[in-house]
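Model the full structure from these sequences, guided by the hints.
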Amino acid sequence: MEKTIHITLKIWRQKGPQAKGAFETYQLNNISTDSSFLEMLDILNEKLISEKKETIVFDHDCREGICGMCSLYINGHPHGPDEDVTTCQLHMRKFKDGETIIVEPWRSRGFPVIKDLMVDRGAFDKIIQAGGFISVTTGGVPDANAIPISKEKADEAMDAASCIGCGACVAACKNGSAMLFVAAKVSQLALLPQGKIEASRRAKAMVAKMDELGFGNCTNTGACESECPKNVSISHIARLNREFLKAKLKD
Amino acid sequence: MKLFIINSSIGRKLIMSLSGLFLFLFLTLHCFLNMFLLGGPSAYTAVNDIMELPVVTIMVPILAAGFVIHILYALWLYWQNYRARGEVGYASGKKSETTSWAARNMVILGLVVLLFIVLHLTQFWAKMQLQSFLGGANQVHADQSYDLVANQFRNPIVSVLYIIWYWVLWFHLTHGFWSAFQTIGIDNKKWQPRLQIIGIVYATILAVCFTSINLYFLFGFGA
Ligand code: HEM
Ligand code: SF4
Ligand code: FES
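If you read the sequences in order, they're chains A and B. Residue numbers 1 to 251, in the numbering used here, belong to the letters of the first sequence in order. Residue numbers 1001 to 1223, in the numbering used here, belong to the letters of the second sequence in order.
No wet-lab data here; the hints were simulated from the structure. Cβ coordinates follow ideal geometry from the N, Cα and C atoms, glycine included. Everything hinted at is true.
Capping the alpha-carbon separation at 30 Å, the derived lysine-lysine pairs in DSS-like fashion look like this:
id : chain 1 : residue 1 : chain 2 : residue 2
1  : A       : Lys-153   : A       : Lys-209
2  : A       : Lys-209   : B       : Lys-1095
3  : B       : Lys-1189  : A       : Lys-196
4  : B       : Lys-1094  : A       : Lys-174
5  : A       : Lys-96    : A       : Lys-174
6  : B       : Lys-1190  : A       : Lys-250
7  : B       : Lys-1189  : A       : Lys-153
If you want the footprint, here are the derived chain A segments under chain B, 3+ residues with CB under 8 Å:
id : stretch
8  : 69-80
9  : 209-218
Take a look at the structure:
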């Protein structure tokens, strides 16, 4: 049988990047616990439209946990209280009847607010553009096993590649550091023979861009790892440190 | 010049890490030598004779530099991180699980440690090594240093403060140890829990040894 709950929402509203924001309180009744968090926000927006009020702006796209567009800092956690899921996969059954839910945008100097709950994560694109690629034509799809890669390495690279670039790591970090994201992007390539060749250049360029864009210095608190919806491990940060320091000492 | 230790985040962290490990080395040696206090005045005086050798005198400015670099970088990085966090904080707080409580409070822990270091230096170093730099007229020499320590540590207020200090430092060291290796890049999934445990054991040994010295004098042992 369907269960429904009544909730109070405190949502950050901000008209634009320069405007001063504030929380607004909304009451929602009879929300199905089977609905997702974003569906709940859709219901709220429908209600606002019917009341001729301005809707709440938030990022989303695939709604199946793979694109990295959704964000939202919910009750003290990026992507909400559930483990290892994105906000779009978060369900209302994780909340209690009568609960007050605080919803905020990612907060970091690297991610300025565009409007309401939507932030500009273009900084991540700039970091990728700085070096998160392989700069040779790889031709057609090669035969499987033509290049031998150990299972361990392949698994590690795959784990790193699961990063969807959502920015929850930055949002969770008390230092506003983007190290987990950059570490994932450096690792997924550095672990494989095709990416290894440019590993030094890549680590240096991506870290330089990350620093330039105003992200903080990692102090290994591990908050990023515990909030990452894809469970990207901070062992990749150790690898990034290793790649970067090796590259700099070679210079 | 390898400028990356100034203008890159990982380079700055490298300095934090190396200076921290250097301080670890110092702390270990310092702890080991002071354990001789438990061996009575003659054992301690013998150790202190070593402390007046020129080699040790040369090490003083290097050690001081280690502290100054560690602290200046700590404050600099803290300030950068404070700015990187952005102007508006989270109304719903930060509830993310972290590797430890100490990990979130390294600067505060460090500053408390620093406060005590100042007290510690005025109590001992200023009366011993500093005086020898100044010509040695008022210096408390090796043969009197045991009494100096014993007198200070028999004061319950001083000893309790010292013991608090050791355990504040303990928190700093538990995160600092594995964090330093993570920063240098000598870490992976297998070694992270191991380094974390080694760090806790190491910090505990240091804190217990230091604490035992204070308890020894506090409970009236020693000459
Ligand atoms: C005997 C004294 C000390 C020892 C042995 C020590 C050791 C360490 C070590 C090993 C680290 C880890 C470096 C890394 O993460 O790469 C560290 C980090 C740090 N220390 Fe100290 N430290 C001492 C005193 C201080 C003092 C006086 C301060 C004063 C502010 C301080 C502030 C910090 C800060 C802010 C960090 C950065 C946190 C981090 O990156 O994990 N420390 N310390
Ligand atoms: S590392 Fe995790 S939290 Fe950070 S951007 Fe990638 S998926 Fe999101
Ligand atoms: S909307 Fe695509 S991951 Fe959430």
